[in-house]
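Asks: Go ahead and model the full structure; you've got the sequences and the hints to work with.
Protein sequence lines, in the order shown, are assigned to chains P and V.
Residue numbers 7 to 755, in the working numbering, belong to the letters of the first sequence in order.
Residue numbers -19 to 221, in the working numbering, belong to the letters of the second sequence in order.
Hints were generated in silico from the structure; no laboratory data involved.
Predicted model only: the values in this text are computed from it and were never measured.
Built from N, CA and C at the ideal position, the CB exists for glycine as well.
Be careful, since some hints might not be right.
What the hints assert, rightly or not - Here are the simulated DSBU-like cross-link-like pairs (lysine-lysine), alpha carbons at most 35 Å apart as the crow flies:
#, chain 1, residue 1, chain 2, residue 2
1, V, K192, P, K254
2, V, K164, P, K31
3, V, K147, P, K412
4, V, K32, V, K167
5, V, K147, P, K44
6, P, K31, V, K75
7, V, K164, P, K254
8, P, K412, P, K374
9, P, K46, V, K147
10, V, K173, P, K132
11, P, K115, V, K167
12, V, K196, P, K31
13, P, K115, V, K147
Claimed, not checked - Which chain P residues face chain V? A few, computed with CB under 8 Å, are given here:
#, residue
14, T45
15, L49
16, K209
Residues per chain are reported as follows:
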Amino acid sequence: MTLTPHEVAVSQLATDQVVPLDRIKSLRFIKNNIIGNKTKKDLYIQLGIVSRLQDIISVKDDKDSQLKIQAVIVLGSFAFGNESNILALANSGVVEPLLNCLNPSGDPKLIEAAARTLNAIYASPKVSRQQLFMGNHLHVLVQLLDTFSSKHRPGQEIVQVHTAELVASILARCCETLEQQMQIADSGAIPLLMRLLASGISKSQEAALGALAALVKDNPELAQVIAQMRLEKGERPAPFILRLVRDKSPTMRLAAATCLTYLNRAGVIPEHDGDIMLIVLPILVKMLQLTGAVQETAPQVLAHLIWESENMQKAVCDMEAIPKLASIISQMDEEDNVYGIVGQKDKLKENSLLALAAISQLKEDCRKQVIEAKVLSHIVSAMSHPAVGVRAAACQCTRSLSRSVKNLRTSLVDAGIENPLFQLLSDEDLGVLRSATATLCNIVLDVSPMKKTIMERGIVAKFVRMISYGDNVVRLNTVWAIKNLVFEAESEVKENVMRQFGYNNLVLLLNDSEPAVQEQALNLVRNLAHKREHDIEQVFRGLGNGQLLSIIEEKLSWDDPRLLEHALYVLVNIATGTEYHKQSILKRQGILRSVLRSMNHESAAIRVASIWVIINLTWPDDKVSHSVHECVALLRSMGFEDRLLALDTTDHDLDVNNRVKTALQHFLMDQQQYGHNNNVSGVPSDQTGSGIGRHGHSSSRYPDPQQQQDISPSSSSSSGDAFGGSAGSAMDTTHIVTGGSGAGGHDRR
Amino acid sequence: MAKKAISKDDWSARLAEVQVDRDDLNKLIMNYLIIEGYKDAAEKFSQESGAKPPVNLESIQNRMVVRTAIQRGNIEEAIERVNDLNPEILDTNPKLFFHLQQQRLIEYIREGRVTDALEFAQEELAPRGEENPEFLSELERTMSLLAFELNSPSPVSDLLTPAQRQKLASELNSALLLSQSQEKDPKLPALLKMCWWAQQQLDERCTYPKIKDFTKAELVMEPMSTAGGSQGSSSSAVAGA
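Replies: See below:
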């Protein structure tokens, strides 16, 4: 059987007897076959070439540098293939010998080739960076940045400069964790990168910008260090880079914009805030209309820059970024249909969706614009995209949009978000789950048919699964969603939910390790116990009144003002229930004492809440007037009336004052009806005339009945604080590494 | 609206006042020679004018060799040279690589080596089409060359012209320039385009002596027209740039 020329070439590499020149010939033959040719790359890997190449480059002596160089170049070409090619290389262990080829005493062309190959290999985030940071490798690598070193041989300047550029790119790609950033900084890379930056050679400058950006990303310490450095003429980096952001080359502009974005986010260049808004932002928006790698990455940088900044989001809106992004996304969908290929432009789609998510994050106007741009259907269909990054980004988008006012939220439902959203709740990716649960929170808020339909699909069963998922953010979002689901819902819905969810799960949440989760769980109880005595009764039965009130008593004893407030409001709602319900509170001295204490809390909101408890407990009701009297007497004996009187004169808060007056009225009425046998000193300050009359109450004298119930303000769909934590981690695909392609959800949270 | 009229004398007088630096001129010419890859001319010009070439003339040599190879139809040789100069170029430019392969196919067909052509198409070009569906239509076009007699005109006979090789040579030259961090567009054509555009703008506002042929650079007075517009004459130098 005759061998193919390819098989021959590979076999030629192995033998030591073969004249070195023949091996070089084979290598060149192979090289010229595989460059540009994906099919041939796969073929040669099948033929087992990688280990042969590895043998060649691992040889210790420096005689055959030409042979090594060609072998390294061939390896490099494989690294330009698919990710599976790259992984094949890494798994065979070529990284270490390649790193050894960087030895400064070797042939500069070998060093250059090795740097090029390593750079291509590190383009895949899946390759371990470990070896780079071991032994002397990092030090050797960083020294190669020094193009002025006296160690360099004359006549090799171009090669050395090119090598420095490649090294900067390698550093940018290997700079993902905090440790890596610090190690690179410690190795003395920064001053050398600064020199590259000021070198005046475009490619060197771009490479330096990439490395610097990677170093300062999410690293306030290094950001500060770099922002404070001085370039050769004494200028600081930021103004220098601001000039580069206006360069005629789009890749240069993008590299500069990226660096400035991270510096800006770290807060180390506040003096340039104006420049960022007026110069960098418009330049990024304009890049949306370019093509290629620049257009692909620009939206991601843009999203990162404007995240959590209302001003910038509004500015970007005004620059008509939304129609541009919308047209990118809808055009891609059309192209997909024509070619039937998915995967070529995934990153572009992902980043464009991210940008839309960022723009519509905080401002209602921006969200309206997104809806008006008619891109909603594309966003929804992207939620089912095969690429996880695209799904996550689409979900981020819907999350931002779902913070909108009700009628815009309805557009989401009308666009068919329910189906894909439901599917995403079973997604394997954490980032997707977080965004999906957050979106769900907001969507189920409305009193809409969606509440019913989503329950019919078995959402509660999913909730149960997600509670035990093991991620804090997912758990928090889930409780929040349930809370919103039962907000102002019919009793039937509430019962249905709790029947499936289980009160035992609720108890677990009330005792969760995360205070934020506990808070939402309390709110959930509050919502369940809202509105009807029947509902309160259900909660009592479900939790067992002993357990319910014990939990409340425990929460009241905490210092955490959020838990305190919500626990109080649970009581407020329970106190609107039946006599039995009220009695169960009154029987608990511990609870009453906590309420009393809360009336002096520094937070007005808590004082108000505690007084509402009293108002509701002492609510006059002719049918059970005697119970009311006993209640009043009890509270008076514990000192509540005194406390109220004191607050009446000393408290400055208007809300508190109003509640105090209402509460005092109840005490006064009781006193007038039954006389008093306690030590009540003062007289309520607003005597609204005497003769309150015994039974029957006209609505003019009593506070508005609506105020008796508490409005469970659980509709916190867009409150910054609760999502604040997860919003920060929501920006999880900002992998600006040039050429890198981190999928959503793999990055640092 | 009446347009302002400027006489030839007036115009010439104004032109005479404009200073054009000799150094700038030399730089423009050097820039053109280098980018287009005329190494010998650049060297001679440098000797005679004193203008310094901004780049290593060796690098021009390399590009020239590649260009010559393509112009002669030695695509394989060109590919090997490019890979020696910079192995990344063809790995990062799928379109360029496809065009090079496509040209190889054309050369097989030109030489009448039909079997080789078919084998080559199957072995090398079909996979390219699979990897990048957007190349498929160009591929089909090239394949259809096989359906026609070599020397008779066909809808695809433009593929056999020297212009086709020239196009490819320029494409490759640009890629090489970019990889060497040099600009790929010479400044001279851009200047001419600018001049052309400026004249068009001016046409709307006045009548004046125009340059109609860039190679002659003669000032020609246009007759007064009553209607608003004037015709643009397209000089071949600009159109080709």
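Asks: Against this structure, judge whether each hint is valid.
Replies: Hint check:
1. Only pairs whose Cα atoms come within 35 Å are accepted, and K192/V paired with K254/P is accepted, the gap being roughly 31 Å.
2. Distance check on the hinted pair: K164/V and K31/P sit about 33 Å apart at the alpha-carbon level, within 35 Å; holds.
3. Distance check on the hinted pair: K147/V and K412/P sit about 58 Å apart at the alpha-carbon level, beyond 35 Å; violated.
4. Restraint check for K32/V and K167/V: satisfied, since their Cα atoms lie roughly 17 Å apart, inside the 35 Å limit.
5. At most 35 Å may separate the alpha-carbon atoms for a hinted pair to count; K147/V and K44/P meet this at roughly 25 Å.
6. Our distance criterion of 35 Å between C-alpha atoms is met by K31/P and K75/V, whose separation comes to about 27 Å.
7. Only pairs whose Cα atoms come within 35 Å are accepted, and K164/V paired with K254/P is accepted, the gap being roughly 13 Å.
8. For the suggested pair K412/P and K374/P, the alpha carbons sit about 12 Å apart, so the restraint of at most 35 Å is met.
9. With a CA separation close to 27 Å, the supplied pair K46/P and K147/V stays within the 35 Å bound.
10. Taken as a hint, the K173/V and K132/P pair is broken in the structure, with Cα atoms around 49 Å apart against an allowance of 35 Å.
11. Distance hint between K115/P and K167/V is fulfilled; the C-alpha atoms sit about 33 Å from each other, no more than 35 Å.
12. Between the alpha carbons of K196/V and K31/P the distance comes to roughly 54 Å, so the proposed pair goes past 35 Å and is violated.
13. Between K115/P and K147/V the CA atoms are separated by roughly 32 Å; this keeps the pair inside 35 Å, and the hint holds.
14. The beta carbon of T45/P is positioned within 8 Å of a beta carbon in chain V (closest approach about 4 Å), and the interface hint is therefore held.
15. About 10 Å separates the beta-carbon of L49/P from the nearest beta-carbon of chain V, more than 8 Å, and the hint is not met.
16. Against a cut-off of 8 Å between C-beta atoms, the interface hint on K209/P holds, since the closest Cβ of chain V lies about 5 Å away.
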